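Heads up: the protein sequence lines correspond to chains A and B, in order. Okay, so the first sequence: first residue is 1 according to our numbering, each after it adds one. Okay, so the second sequence: first residue is 1 according to our numbering, each after it adds one.
No lab work stands behind these hints: they were computed from the structure. Being a predicted model, the structure only gives us computed values, none of them experimental. Built from N, CA and C at the ideal position, the CB exists for glycine as well. It is possible that part of the hints are untrue.
[As the list claims (entries may be wrong)] Here are the simulated lysine-lysine pairs, BS3-like style, with alpha carbons at most 30 Å apart:
| no. | chain 1 | residue 1 | chain 2 | residue 2 |
| --- | --- | --- | --- | --- |
| 1 | B | Lys110 | B | Lys29 |
| 2 | B | Lys21 | B | Lys194 |
| 3 | B | Lys21 | B | Lys82 |
| 4 | B | Lys86 | B | Lys185 |
| 5 | A | Lys277 | B | Lys138 |
| 6 | B | Lys194 | B | Lys238 |
| 7 | B | Lys117 | B | Lys140 |
| 8 | A | Lys277 | B | Lys110 |
| 9 | B | Lys140 | A | Lys277 |
| 10 | A | Lys277 | B | Lys117 |
| 11 | B | Lys29 | B | Lys238 |
| 12 | B | Lys238 | B | Lys20 |
[What the hints assert, rightly or not] From the derived model, a few chain A residues whose C-beta atoms are all more than 12 Å from chain B:
| no. | residue |
| --- | --- |
| 13 | Met48 |
| 14 | Pro78 |
| 15 | Arg98 |
| 16 | Val114 |
[Stated by the list, open to error] Distance ranges between label pairs, derived from CB positions:
| no. | chain 1 | residue 1 | chain 2 | residue 2 | range |
| --- | --- | --- | --- | --- | --- |
| 17 | A | Ala246 | B | Arg143 | 57 to 65 Å |
| 18 | B | Asp244 | A | Pro160 | 35 to 43 Å |
| 19 | A | Val21 | B | Ser118 | 52 to 60 Å |
| 20 | B | Lys82 | A | Gln162 | 21 to 29 Å |
| 21 | B | Asn23 | A | Gln162 | 25 to 33 Å |
| 22 | B | Gly188 | A | Pro160 | 23 to 31 Å |
| 23 | A | Trp42 | B | Arg143 | 40 to 48 Å |
| 24 | B | Gln92 | A | Ile79 | 35 to 43 Å |
| 25 | B | Phe16 | A | Leu95 | 18 to 26 Å |
| 26 | A | Gln162 | B | Asn135 | 26 to 34 Å |
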Amino acid sequence: MRTTTKQKIAFSVLFLSTLMVILPVVFVLGTIIKNGWQGISWEFLTSMPRDGMRQGGIYPAIVGTVYLVSLSIVFSLPIGVMAAIYLNEYARDNLLTRLIRLAIVNLAGVSSVVYGLFGLALFVTFMKFGVSILSGALTLAIMNLPVIITASRESLANVPYQFREVSLSLGLSRWQTIRHSVLPFAIPGILTGAILSLARAAGETAPILFTVAAFYLPKLPASIFDQAMALPYHLYIISTQIPNIAVKTRYATAMVLVGISFTMNIFAVIIRSRLRKKKKW
Amino acid sequence: MSKIITNNLSLWYGGFQALKKINLAFQEKRITSIIGPSGCGKSTLLRVFNRMNDLIDGVRIEGEVLIDSADILDGDFSDLVKLRKKVGMVFQRPNPFPLSVYENIIFGLKVHHLVEKSEREQIVRESLESVMLWNDLKDKLHRNALGLSLEQKQRLCIARAIAVEPDILLMDEPCSALDPQATLKIEGLMQRLKNDYTIVIVTHNMQQAARASDDAGFMLLGELIEFDRTVEMFTAPKDKRTEDYITGRYG
Ligand SMILES: Nc1ncnc2c1ncn2[C@@H]1O[C@H](COP(=O)(O)OP(=O)(O)OP(=O)(O)O)[C@@H](O)[C@H]1O
Ligand SMILES: [Mg+2]
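Go ahead and model the full structure; you've got the sequences and the hints to work with.
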């Protein structure tokens, strides 16, 4: 075979593979939008469900998801970043730290239902937080930690070693060096990782199933010790448990869920490119 | 007067001995160059003086290093921060932080809370003036330093180091990333700076050592072979190996 022919074949195969990745996504998004956009309205987004959830809106589910995601990041970001700093800047390369690293990588791959059961056992039952926003947010936080630690460690490791040397040579202590010469330059990467992990958490059902999610609540949660509705679980319920519900309501709910993840992803990209422009080397 | 004195200084990286019983004395407000083939321990020696080798696992140091008569290797000597303020360092690659010119210069001061905000402008100006960058950069203080030319970056790094008011400047091949013209300009700057600072420069460039330094040391495989006035060493080397090296018969 001639080289140019081979070249063409290789190119086509690679291109087709890329297409195979993109096509299903486009198809799924297309279906959701096609069936759902008619269901989206201001009322749908901002009112309580009515009539056995067949009518009205999904406001409490949106609010619940926002609460859960925000509270979970409050727990996972500081702890994740601190762990990453320890692993990347302080820990020596020995058997123990290698085991820890291996464990973190593996934890990131554990199925989310396992985190759900873990949350049920630890937060709901053992720590007696009950089925509540607090338990759900903590469960999501635990699930996100490995991802946040890994992303943060990578961004820390990407900060040139020279920055640390210069900083120390100017008389900064090790902690001052991390605080002033390393962390500021790792922040874009850390934030991106955190937001992406949150976007994933916002869409998960399994971790919140036993720890926070309510089938239906007539009013909004008043504190973090209340149960809450959440979008992914709400979607699951209206798709499987409630007969004769309008197709457009289901798809509109899915659209809102996808929309939230999508917005967060866009947000991550913007933050990164903005901060990168300022702090690029 | 001797600013830095080493007595039987030896250093090991794990089992490998990189410095072998080095004895020398660096004079105050002079430029001393350290020359020698690659891997002979020049950078290692330089990094003993601000204890940058502490960062590396498995480093062991023996002997004495006196700076202003205090042994910086002594077990009781714990004030690394003070040492590193006194002993500034300029690196091989110009490496400003990806911040503005202004922020680069006040970087150390800001963290150390050494100065009031109102004094910062003054210090930025003085530091830039002493590296002869003020006229070029006075209108660009808030531009990102990464946009500067290599030579300007290296000058900025020198300014950043002297902003914390050290006595000693360690320079590890400060010109190796620069073209010959920029190199000459940095050398000119060093001549100016030696009125105020004790300068130790590591270089691969024999002409640079000959042109720019007052004293010179020649190292080989971790040993200090010869240490003398630069003129003496380059006109009448006492050791055969020094002669071979400076006449180019060595690596
Ligand atoms: N972190 C380290 N661990 C182990 N060995 C090292 C380390 N750093 C340097 N060495 C070794 O110590 C010796 C001296 O290194 P050093 O960097 O001081 O040489 P140099 O004279 O500065 O060389 P160059 O001119 O190439 O910069 C070399 O043989 C080097 O391989
Ligand atoms: Mg070197």
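Verification of the hints:
Taken as a hint, the B:Lys110 and B:Lys29 pair is honoured in the structure, with Cα atoms around 27 Å apart against an allowance of 30 Å. This hinted pair checks out: B:Lys21 and B:Lys194 have alpha carbons roughly 28 Å apart, not beyond 30 Å. Restraint check for B:Lys21 and B:Lys82: the C-alpha separation of about 26 Å stays at or below 30 Å, so the hint holds. The suggested pairing of B:Lys86 with B:Lys185 holds, with an alpha-carbon distance near 25 Å, which does not exceed 30 Å.
Distance hint between A:Lys277 and B:Lys138 is fulfilled; the C-alpha atoms sit about 23 Å from each other, no more than 30 Å. Note on B:Lys194 and B:Lys238: the hinted pairing holds, with a Cα-Cα distance of about 27 Å set against a maximum of 30 Å. Simply put, B:Lys117 and B:Lys140 have alpha-carbon atoms about 19 Å apart, close enough for the 30 Å limit, and the pair holds. For a cut-off of 30 Å, the pair hint linking A:Lys277 to B:Lys110 stands: about 23 Å separates their Cα positions.
Distance hint between B:Lys140 and A:Lys277 is fulfilled; the C-alpha atoms sit about 18 Å from each other, no more than 30 Å. With a C-alpha separation of about 27 Å, the suggested pairing of A:Lys277 with B:Lys117 holds against the 30 Å cut-off. Annotation: proposed proximity of B:Lys29 to B:Lys238 holds, straight-line Cα distance about 25 Å (limit 30 Å). For the given pair, B:Lys238 sits about 20 Å from B:Lys20 by alpha-carbon distance, which is consistent with the 30 Å threshold.
With a cut of 12 Å on Cβ distances, A:Met48 stays outside the contact zone with chain B, its closest approach being about 50 Å. Every beta carbon of chain B lies more than 12 Å from that of A:Pro78, the smallest distance being close to 22 Å; the non-interface claim holds. Against the 12 Å criterion, A:Arg98 stays outside the reach of chain B, whose nearest CB is about 15 Å from its own CB. The claim that A:Val114 is not at the interface with chain B holds, since no C-beta of that chain comes within 12 Å of its own (minimum 37 Å).
Checked against the hint of 57 to 65 Å, the C-beta distance between A:Ala246 and B:Arg143 comes to roughly 59 Å, which is consistent with it. Checking the proposed 35 to 43 Å range against B:Asp244 and A:Pro160 shows it holds: the Cβ atoms sit about 38 Å from each other. For the pair A:Val21 and B:Ser118, the supplied restraint of 52 to 60 Å holds, since their beta-carbon distance comes to about 58 Å. Checked against the hint of 21 to 29 Å, the C-beta distance between B:Lys82 and A:Gln162 comes to roughly 23 Å, which is consistent with it.
For B:Asn23 and A:Gln162, the Cβ-Cβ distance of about 31 Å falls inside the hinted range of 25 to 33 Å, so the restraint holds. Our hint of 23 to 31 Å for B:Gly188 and A:Pro160 holds, since their Cβ atoms are close to 29 Å apart. With their beta carbons about 47 Å apart, A:Trp42 and B:Arg143 fall inside the hinted range of 40 to 48 Å. Range check, B:Gln92 to A:Ile79: Cβ separation about 38 Å, and the 35 to 43 Å hint holds.
For the hinted restraint 18 to 26 Å between B:Phe16 and A:Leu95, the CB-CB distance of approximately 24 Å keeps it satisfied. For the pair A:Gln162 and B:Asn135, the beta carbons lie near 28 Å from each other, so the given range of 26 to 34 Å is met.
In this structure, every one of the numbered hints holds.
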